[in-house]
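Engineer: Keeping their order, the protein sequence lines are chains A and B.
Here the first sequence stands for residues 0 to 550, numbered as in numbering that gives the first Met the number 0.
Here the second sequence stands for residues 0 to 169, numbered as in numbering that gives the first Met the number 0.
Note that these hints are calculated values from the structure, not bench results.
Heads up, the beta-carbon is just placed ideally off N, CA and C, and yes, glycines get one too.
Do not take every clue at face value.
Here chain B is said to cover these stretches of chain A; the calculated rule only asks that three of the stretch's residues, wherever they fall, bring their Cβ under 8 Å from a Cβ of chain B [stated by the list, open to error]:
id : stretch
1  : 146–153
2  : 523–537
Computed from the model, here is a short list of chain A residues facing chain B with C-beta under 10 Å [said to hold, decoys possible]:
id : residue
3  : Asp-7
4  : Gln-21
5  : Cys-121
6  : Thr-159
7  : Leu-161
8  : Leu-233
9  : Arg-234
10 : Ala-272
11 : Gly-275
12 : Ala-277
13 : Tyr-317
14 : Thr-490
15 : Glu-494
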Amino acid sequence: MYRYDELDQAFVDQRVAEFREQTRRHLAGELSEDEFRPLRLRNGLYLQRHAPMLRIAIPYGLLGAHQLRRLAAIARRYDRGYGHFTTRQNLQLNWPALADVPEILAELASVQMHAIQTSGNCVRNVTADHLAGIVPGEVDDPRPYCEIIRQWATLHPEFTYLPRKFKIAVTGSPDDRAASEVHDIGLHLKRDAHGALGFRVLVGGGLGRAPVIGVCIREFLPLAELFAYLEAILRVYNLHGRRDNLNKARIKVLVKSLGAERFRADVEREWLAGRGQAARVSPAEIERVRGCFAPPGYETLTDIDAAGGREPAFQAWYRYNTRPHRVSGYRAVFVSLKAHGAVPGDMSSEQMEAVAALAERVSFGLIRSTHTQNLLLADVPQRDLYDVWRELAPLGLAMPNIGTLTDMIACPGLDFCSLANAGTHAVARQIQQRFDDLDYLYDLGEIEIKMSGCMNACGHHHVGHIGVLGVDKHGEEWYQISLGGSSTGVTALGEVIGPSVPQHEVAPTIERLVEAYRALRTEGERFIDTVRRVGIEPFSERAYATHPAAA
Amino acid sequence: MRRILRRHELVADEWRHLGEDPAADSRPERALIVPLAQLRAEPARWLERSGPLGVCLGPSDAVADIAELLPRLSLVAVEFPTAGDGRGYSQARLLRERLAFHGELRAVGAGVRREQLFLMARCGFDALELASGEDPQAARSALQRYDVAYQPGSAEVALRRQRFERLGGD
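So that you can see chain A by itself, here it is in the shape it has in the complex (with noise of 0.2 Å):
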């Protein structure tokens, strides 16, 4: 993983004095709280519901295990003892007191770590694919360049102060993991014909209010350029995008009012014009940076078959939790944060010093957070397999669940944030009971629920096979229920069966969506694949069978 030197490490020192002073004055009444919001966005800290909300940065979801260690640490010192993990691979405490986010910052900066532009009107935490580097068919690993890209854009004195928040993801792989499509700017690595490396650059992609599939401005951009290109549509998007209207100010607005064709002609023109001012990433600091990410020292071990003779309970465990990996002899292991009766990417700090202590023991000492909201180690010898699963099983990480019904995303909702219309964590609770039965959900095959508490969309219900949207309808909480929607591999936005239903309803309608499906099936066919064929319409029509709103 990546290591800071000594710019890093004075780099994020200096900013935990800089917003020490800045808490100080706030409290000292020195700064009101219209002038210390912009500063406390950018250092992560939100004022929601309850109490502060800090969120702390996991650059492209990497971790080591003394990042994880302390991250447990603060929790229970400053926190109740858990931590959410979100969308953005990104790591929420939901109860920290104003007065120690100044110190809780100095902790993380001690291990390599910050929440700098974690919010507010900015660039980002960079994502990437949480199979980065062990799948194969790789183009190349996506982080490195993540990693410049975070550097490069980490207090931008140009794009500092955009007119919304702007996130970016790299891909490595042609399969897309990381819904790079539905990001301000989607880079996918690429070579050309000559084998140089590149990226595939998509812009205006987004979910919120106005969902938008990215579109592609430029086929092949030479990797030197990559600093050149991004302050171009950065100049251009920072001068033009809308500021009057905050749910008109993401790019893909400008994109659409603009139209690609002359959004990306005003980018070239801006590129070309700018470039030898913009800055640039010389082949030895990639090299530097791709250094911090060479494989680790793999045993030369061969496949085994680690499954076979073992409890069938170990067996649906390897299954559904545990993924192929490059290198003969090793397999990838998700950590699910989705047991039943449990908050989808809360982990309390216990937990993470268990994952933290397996992570040094069997995986060189790393953890991956994943946009799905799940913990993975990503480089796990087979012959350990056996003893990860009964260490993760009764610490309640091992629920065989990954890439099924109950693997759901969902935003904090209405128990934290103070956007939320609806109370997702109690609607997850419900699925969670109803699809209790593992036989059925296996039976169900791969389904991805994405549920969002209001329209901003951090749990990308837009995307998800099913989508759940929480509506407020004259003060009571209800639900928009979606069908057909992906991000990975073909990425589509889902669309609206029918009315909203009451909370109480939402894990009736999706059993009977799902039920729809098991009778629309055709054999081998996945729940996506049968809505894509079928269309939304027999399944709106099952939908509601039962449901008074129908009539």
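Fit chain B to the supplied structure of chain A, relying on the hints for placement.
Structural biologist: Relative to the frame of chain A, chain B by itself:
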């Protein structure tokens, strides 16, 4: 009383904004900053004055529109109406880097607060007209809050280390 930090030092301001001091506006030798709209409406009136002339750009003004005027201007003021409106940072880089403006580049407006100064100086502002209520000494030290940065930037801020150079070349 306006407080100006010019190259990190608190200085007396010889400039007046149009309308600030009507007696000064009528004296042709006085250093005067005129909003772009006025300058465009009556270019001859302002360009024929003998004293130094500056223009003030609003956040939505296009920098390219004053390219031809730049040789006649001693100062360009860029307005930051709020701390959150970041268009002025791009305008500043375009003026310095694209149009090679070497006169005084001054940040003005309610958004010129100590938290912003480091970024402004790195984008090429050499004069900072502090928002009312901002303490000049605190503002000076805020300019030196960081001695490292990742991006290339103006030499207005002396850094100990910087990660990336400019792309340069053709």
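Engineer: Next step is simple, just say for each hint if it's right about the structure.
Structural biologist: Going down the list of hints, with the structure as the test:
1. With a threshold of 8 Å between beta carbons, the proposed coverage of the stretch 146–153 of chain A by chain B holds, since 3 of its residues qualify and at least three are required.
2. Residues of the stretch 523–537 of chain A with a Cβ under 8 Å from some Cβ of chain B number 0, which does not satisfy the need for three, so the listed coverage is violated.
3. The criterion of a C-beta within 10 Å of any C-beta in chain B is met by Asp-7(A), whose closest approach is roughly 9 Å, and the hint holds.
4. For Gln-21(A), the interface hint holds, since its Cβ comes within 10 Å of a Cβ in chain B; the closest pair sits about 7 Å apart.
5. Of the supplied interface hints, the one on Cys-121(A) holds, with its beta-carbon coming within about 9 Å of a beta-carbon of chain B, less than 10 Å.
6. Given the 10 Å rule on beta carbons, the hint for Thr-159(A) holds: about 6 Å separates it from the nearest Cβ of chain B.
7. Proximity of Leu-161(A) to chain B holds as hinted, the smallest CB-CB distance being about 6 Å (cut-off 10 Å).
8. The closest approach between the C-beta of Leu-233(A) and any C-beta of chain B is roughly 9 Å, which is under the 10 Å cut-off, so the hint is satisfied.
9. Here the hint on Arg-234(A) is kept, as its CB sits about 5 Å from the closest CB of chain B, short of 10 Å.
10. Below 10 Å, beta-carbon pairs count as interface contacts, and Ala-272(A) has one with chain B at about 6 Å; its hint therefore holds.
11. The closest approach between the C-beta of Gly-275(A) and any C-beta of chain B is roughly 6 Å, which is under the 10 Å cut-off, so the hint is satisfied.
12. Taking 10 Å as the C-beta cut-off, the interface hint given for Ala-277(A) holds, the closest approach to chain B being about 5 Å.
13. With a least beta-carbon distance of about 43 Å to chain B, the hint placing Tyr-317(A) at the interface is violated under the 10 Å criterion.
14. For Thr-490(A), the interface hint is violated, the least distance from its beta-carbon to any beta-carbon of chain B being 30 Å, above 10 Å.
15. The beta carbon of Glu-494(A) comes no nearer than 36 Å to any beta carbon in chain B, farther than 10 Å, and the hint placing it at the interface is violated.
The structure fails hints 2, 13, 14, 15 (numbered hints given earlier, in ascending order).
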